[in-house]
Structure formats: C-alpha cells, structure tokens
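Visitor: Here are the chains, one letter per residue:
2 protein chains.
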Amino acid sequence: MYNVNLSSVTHNSSTNHPVRLPLSRDRILQVAVDITDKEGLRSLTMRKLGHDLDVEAMALYRHVQGKADILDGIVDLVLGEIDLSPYSSSWRMSLRASAISAHEALLRHPWTCGLVLSPNLRTIPSRMRYIESILARLRAAGYSPSVASRGYHAIDSHILGFTLWELGHTIPGDSSGELLETFIRQFDYASFPFLGEHLLEHLKESDPEEMGDFEFGLDLILDGIEGIAVTR
Amino acid sequence: MYNVNLSSVTHNSSTNHPVRLPLSRDRILQVAVDITDKEGLRSLTMRKLGHDLDVEAMALYRHVQGKADILDGIVDLVLGEIDLSPYSSSWRMSLRASAISAHEALLRHPWTCGLVLSPNLRTIPSRMRYIESILARLRAAGYSPSVASRGYHAIDSHILGFTLWELGHTIPGDSSGELLETFIRQFDYASFPFLGEHLLEHLKESDPEEMGDFEFGLDLILDGIEGIAVTR
DNA sequence: CAGTATACGTGTACAATGTAAACTTGTCAA
DNA sequence: TTGACAAGTTTACATTGTACACGTATACTG
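Protein chains in written order, with numbering that gives the first Met the number 0: chain A, 0 to 231; chain Z, 0 to 231.
Possibly wrong hints are sitting among the right ones.
Copies of the same chain are indistinguishable here, so a pair counts whether it falls within one copy or spans any two.
[As the list claims (entries may be wrong)] Computed cross-link-like contacts, DSBU-like style, restricted to lysine-lysine with a CA-CA straight-line distance of at most 30 Å:
#1 Lys37 - Lys66
#2 Lys203 - Lys47
#3 Lys66 - Lys203
#4 Lys66 - Lys47
#5 Lys47 - Lys37
#6 Lys37 - Lys203
No lab work stands behind these hints, which were simulated from the structure alone.
Just need the whole structure built from these sequences, with the hints factored in.
Guide: What follows is the structure, encoded as structure tokens:
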C-alpha cells in the first residue's frame, strides 16, 4: 500500500533507520504547486523545491525533464481541477458553470494564468481536454465550426483576461490589503476621476444578491452567442 | 537640436574623435523595445542592452532604476501607441476603434500582454490614461459607474485575453511556420476532434470581407453593453 | 548467499543573470 | 590649475538552472 504521508520521511521498522518517501513526478509537482501557491512563482526554484522534498535539487532531474517541465506540470494539475461536466440541461448553463469553475481554479492558483499563456506550443493535456470540451458543447448545440471557434475564443479570452485583471490588482502576500490601502490613499483622483470612481466601485462591498463582475461579462458573451442562429 | 541618429556613435568634427551619443532613459527604452521585439523578452538582459548601446551594463543604472524599471518603461511605450481618440460619432464606434488599436499595438509587441498583467500595483502612466479613457467614454454615454466599470472589464479582458491566446499559438522566431506545421501534422486528431477542427479553422485563409475573430468577440461584448439601459 | 546491475540521490562545478561598490575619466567652472 | 561632478568601467558577488561524475541502497540473478 502506498504511503501518502505528506512528510517526506517515514520509518522502516525492520531496519530501524529512516527511509525517505521515494521521489516521484507526482510528488514533485504537488509540492511545486504548494510552494507556488504559498510563496509565489518567483520562489519556485529547483533548490527550494529540493529542500522541501528533503533532497538536493539535482535529484529532481531523475523524475522531471527540467524546470520547464515542472511548470507545464503544475499548470496541468491546476487546469485538471476545472469541472468540465457540470450537469445541466442547456449548453449555456453548462458552459457557464465550466467557465465559473475555471475562474475559481485560476483564482485558487493565481500564478496559473501567466503560465498558461506564455507563448509556445506545449501541449498541456488538461488544457487540451478543456478546450475540446468547450468546443464540443458548442458544436453539439448546433453551431458551425466557425462560430464554435469564435465563441470558444470569446469565452476563454474572458476567463483568462478577466482573471488576470483581477489578479493584477492583488498583491501577493498582502492579504490584509495594507499596501492596497496606501495605494488608494495616494491615488491621483484629480487626474483620473473615472479610474478613481472605478477603484471605489471595486472596494464597495458587493451585494451578495448581485452578480459578480466575472459573471456579468460572461453573460454578455453567452447572450451574444445565443443570439446567433444555429445551423441545423 | 537633438541627434536622433539610431547609431550610438557620431562624429564630433571639431575634435575629430568619435563621441558617443549620450545615454538617456528614452534611448535605453527604445533600444529595449527593439531587442524585445526582435529577440524576445528572454533576450532582454542588462548586458545585451548595454552591448547594443555600446556601453557596459552597469552604465544603464545611471539612467534607470533597474531591470524592473525598464520593463515598466517599455510597457509604457507600447501602451502609449494606442490611439485613444479616434474620431467617431458614437461611443460604440469610438471604443471599438480604440480596442482594435490596442489589439494591434499588442500584436506589434507580443511580449507586452504578459508584462501588463504581472501582478503588482505599479502605475504605468499610459495604462492609466488608457483605462481612464475607456471609462470616461462609457460614463459620457450615460452608463452608471457600476455598468461602466463592468463594461470596461469585459472589453479589456477580451483585448488582453484574446491577444494572449493569439500569441500563445505563435512561436517566436518561427515566422515561416515550420514548427507550427510539424505541430499540426503530429496533432492527435482522434483524441481531440473538435480541437482539430478548431486548428484547421485557424489555418484557413480568412475571407478578407469577413470580420476577424477579435472583432467578433468584441462586438459580442459591445452588443451586450448597448443592450443595457443608460441611466439618464 | 554472493555478485552485480540499476535506479536514485549527492557533490561539485559552471555559465548566465541582476546589481552593489569602488574606481576612472572627460568636462567645465572658479 | 584645481577640483568637483557626472558618466562609464571594473570587479565582484549572490542567485539561478543544470551538466557531469560519483556514490550507494535496493532488487535481481546464479
């Protein structure tokens, strides 16, 4: 039976000396996600990762191609958290739920957006499954390949773009909002009156009845798609 | 009069020995943009930047705070290229034109998106002017602060998200599309039929009459905003 | 049980990066 | 002439990813 103890050292009773949990790609990636969640992408170094796994940095290379591979791997893990099969009668509600699930996953792991979008052609499995799933639902709803493509783009752009925006105004390690407050205090409201208004808009405790900003934009897009005639 | 020669060495006719163009923040940022456009963000190192300016890396620090400052600076330059005052009778056409201008600027300098959205609270002047300008036009159109805020978000998310998506499928230094082609050839169409269809959709020579994918999503959003009642 | 092979981890080293601190030099005012 | 100052250079260092050679515990083979 597998030992899923989080601590990396366990005890072998027969030999009576400490035995390390064996390293594995999965364990490396899990710890990498933890580090990045807690201390930011900057802190995810091979040495730090090795340290947290009670191992020298170079040991990681037996299980992982290199740092790039690790980055791909943790993105894959996060995107795997997205719920792609929410039960729903309509394509619209189903896509809406998936989009919200994606948004939540990205917020849980704020470093993901930036990584997903670094320009190259890696094929990250869960990312491909995700895209495939959105396209499939639009096609199943009767939309043409062209409309499905464009609809997918609009939805995904909104998810990534909006989440990035949200996160851009979060300071890592400033949960108390202290830095944010000083920022707001010294903001030049005279030069940027509407931006100032916008800032205050964001600070306002939002009515829990009211829809969030993310859903607002999402519905704009879904409305638009719904308005396009299906071709069957 | 200012010497705007791109070469960093000019000739002083009285002393008859080469005289370096003086370094300046502006010149540094210009060259930084050039390097990043041509060789990617990875290649923008202080040493490379110094080399291209015929100067040691450390000389830059007399004119610039550090690398982070340079990154902010080049983002500022690019966002400054966005046309914020396209003549137009309606808010909708005006915003549409600005959004397209922003999209174009981001495509000209593909590294910008990632930089704009790295999470922190720097205040990049042209970015603030840009946001202010969009908000102002929505407010002038009669929308409430809340709708203006959310409308702005939806538009900006689309611009950044969509452009990032586009660029994610571009390989830096693969203008011939060679890498892309091998990617397409070895793509697993059986496992991801709709993604495959989507890929082909992208490869198709687009009808010049037809609207681009960017405008398609943009109009979805603008339609949505237009459908919201103004409050005056 | 002895010998060996293999997988796993370590140690050391190196190149690339950002940048601090001290040094040099060209220019110009007093 | 001097001397102060700004602009660039030199040197050095810490941090990063990772190549390579080396040990060693575990499992397999006879």
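Visitor: Indicate which option fits the pair Lys66, Lys203 if close means a Cα-Cα distance not exceeding 30 Å: within, between, both or neither.
Guide: Neither: 41 Å inside a chain and 35 Å across chains, both beyond 30 Å.
Visitor: Up to 30 Å between alpha-carbons, please classify Lys47 paired with Lys37: within, between, both or neither.
Guide: within (13 Å within a copy, 34 Å between copies)
Visitor: Up to 30 Å between alpha-carbons, please classify Lys66 paired with Lys47: within, between, both or neither.
Guide: So Lys66 and Lys47 pass the 30 Å test inside a copy (12 Å) and across (24 Å) alike.
Visitor: For Lys203 vs Lys47, is the C-alpha pair at or below 30 Å within one copy, between two copies, both, or neither?
Guide: Neither way: Lys203 and Lys47 sit 39 Å apart in one copy and 46 Å across, limit 30 Å.
Visitor: When no copy is specified for Lys37 and Lys203, does a C-alpha distance of 30 Å or less occur within a copy, between copies, both, or neither?
Guide: Answer is within: at 27 Å inside a copy they meet the 30 Å cutoff, but 44 Å across does not.
Visitor: When no copy is named, should Lys37 and Lys66 be tagged within, between, both, or neither for a Cα gap of at most 30 Å?
Guide: Classified as both; 18 Å inside a copy, 25 Å across copies.
Checked against the numbered hints above, the structure breaks hints 2 and 3 and satisfies the rest.
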